[in-house]
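A.B. asks: Chains as they are written, first to last, in numbering that gives the first Met the number 0: chain A, 0 to 212; chain B, 0 to 406.
Just so you know, the hints here were simulated from the structure itself, not pulled from any lab data. Where is the CB? At the ideal position from N, CA and C, for every residue including glycine. Treat the hints with care, as some may be off.
Claimed, not checked - Now the stretches of chain B that chain A is said to cover, found in silico as 3 or more residues with beta-carbon under 8 Å:
#1 14-24
#2 39-48
#3 51-59
#4 84-92
#5 207-213
#6 293-307
Next come the chains, spelled out residue by residue.
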Amino acid sequence: MSEKFSGPLLSRKGFLYGVAGSAALVALGGGAAFAGSAQVVRPPGCVSEESLLAACIRCDRCRGACPHDAIVIASPEDGIVSMRTPKLDFHQGYCDFCGAKQDEGSRPRCVQACPTGALAERPWADEVIGVAIIDPQECIAYTNYAGCTVCVDVCPYEAVFLDGDGLPVVDANACNGCGYCEYRCPSHSYRSFSGSAHRGIYVVKSTAEGAAS
Amino acid sequence: MKKLIVRRITPLIGIALVIGGLLFHVSTGTLSSFGWEDIAYLCPLGALETLLATKSFIPRVVIAFVVVLVVCFALGRVFCGWVCPVPPIARFFGGRRRRVRREAEEREAGCAHQGSNGSHALGESHEAEAPAALDGIAANVASCASGGSGASGGPGADVAPAADAAPCDSAAPAATGGCGEFGAPGASSGAAAKRPRFRPDSRHGVLAAALLSSLVFGFPVFCLVCPVGLTLGLVLALWFLFTAAEVNLSLLVIPVVLVVELVVLRHWCQRLCPLGALMSLLSLPNRSVRPSVDAKKCLRMNGSHCDACVGVCAEGLDPHTSERMNDCTKCAQCQRVCPGGAISFPLLAKRSGRNERNARGPRGVQGAQAEQGAQGARSAWGTCSSRDAQGAQGAHAHAEENGENHD
């Protein structure tokens, strides 16, 4: 039987294609793993960065599921290995855990949507996705417009309080990184001329807390 | 015709899923995984990579994989032919380039009327691996010679069919030097020899590398560069560019990777795609919806040298045999171009193996006779359905556009 096409098959060129393709893939894996990932805040249900990266197939379902548009797609800037994985951006929305912290029966919609368990079932009452920190350079209360108490007023978990000087301070033990303070923080509305990427109060990954502040 | 229109539309399903999800704010997902709430389809390669990378048993992933297994059993590689958005993109770029080159060749050869032929269509790949393929059966001599690729004599002129050197047959399994590298059985003993149903090729190497690298590096490596995922990722990136003025490196990185994969490295689907390789493996037990040739209508079985179905098949399959038929994407191009209307895709073949025997008859046993009759038969056939015939004759992937344009 003749077989005219057969492109890939059994030819020297096909063999080279196979070897080169395989080598490129292994090199990509090694390179991406070596380059590592920026510290981005992950959606709830992320047990660890490693476990999320191991299971995430970048299918985009969690982003679509988020009722508050808090989940965005990580770009190459967040690290090649993180590209197209989900991260949280509290400029557009915030995380209320879809009521899972209050109601035992429910769970976050992103976790429900995740087909691979990259976002997994957790004991939601204790779930922490990050921690808020205050940037004195950006925070309105810390700079010339003292008296802003938006984050203190809006925090659903009473994790931001005013210190003796009337300045907001985050209680890292009470904060779970839901991002509502960052979502509501008016620093960019009032003083975005500084060109800063983040607001007066913003959420970072818990493990990166020390390094980021 | 209806099938062609449907097949033109179905690859848009993935893009429609993404845009629909964005518009209506639901998590229908992408082709990597789509579904509703807990019930979801999952890319089988992603599923395997995830299981290997996490080194754990994830029931939901395994269930999704079993679902794909069942679909492949019933419908074969239907995803590649009907749903995947990559082949149309690759065809769009690859087809245009091949068309340009073919036209140049035709001008050079001064025979614009001849259509193109197999070795030209695949270009350097075939010419490089070519010399003197000794297939047990003389096939395609007529079409090779008339396509101007330099077969020595006229069709059937002076060489015994059984030892004919046919450049078009360069990739025939029994003849290619490279087959030993993969340890595939040579099956050179002639027409009646049992052919292996499956032969590993470069795609399977990439598949193995994808799984191995996921295991070693602990994340699904291939998902990073999967053109299916990247295509839909690009749709998303463009959506956010226009709706939220979101500018990031994805807008640069994704197109570059896609261009490298689909335009620079040609034949992505046939040579490299590990997802296609996995689907073809999962489709090994598939016996339904396979092309079936009606021996009464088939021109080849009646002594002509028609290879329209073989020429048009993007996977290089021959509907007359069951060889590598797990690679069939059910695209039904062979059915469309068949000048005799001999090919159908029955849900279940009536009797398996029958096609194969018949197909080998005229070529193997009555080969010489067929050779001699070939020229006349071919030209007669050529005049009656010349448009389709020349569009399809021996041209491979690009014959598809060629033929479709004629509609």
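A.B. asks: If a hint holds in the structure, say so; if it does not, say that too.
C.D. replies: Here is how each hint holds up against the structure:
| no. | hint | result |
| --- | --- | --- |
| 1 | 14-24 | holds (count 4) |
| 2 | 39-48 | holds (count 6) |
| 3 | 51-59 | holds (count 4) |
| 4 | 84-92 | violated (count 0) |
| 5 | 207-213 | holds (count 6) |
| 6 | 293-307 | violated (count 1) |
The earlier numbered hints that this structure contradicts are 4, 6.
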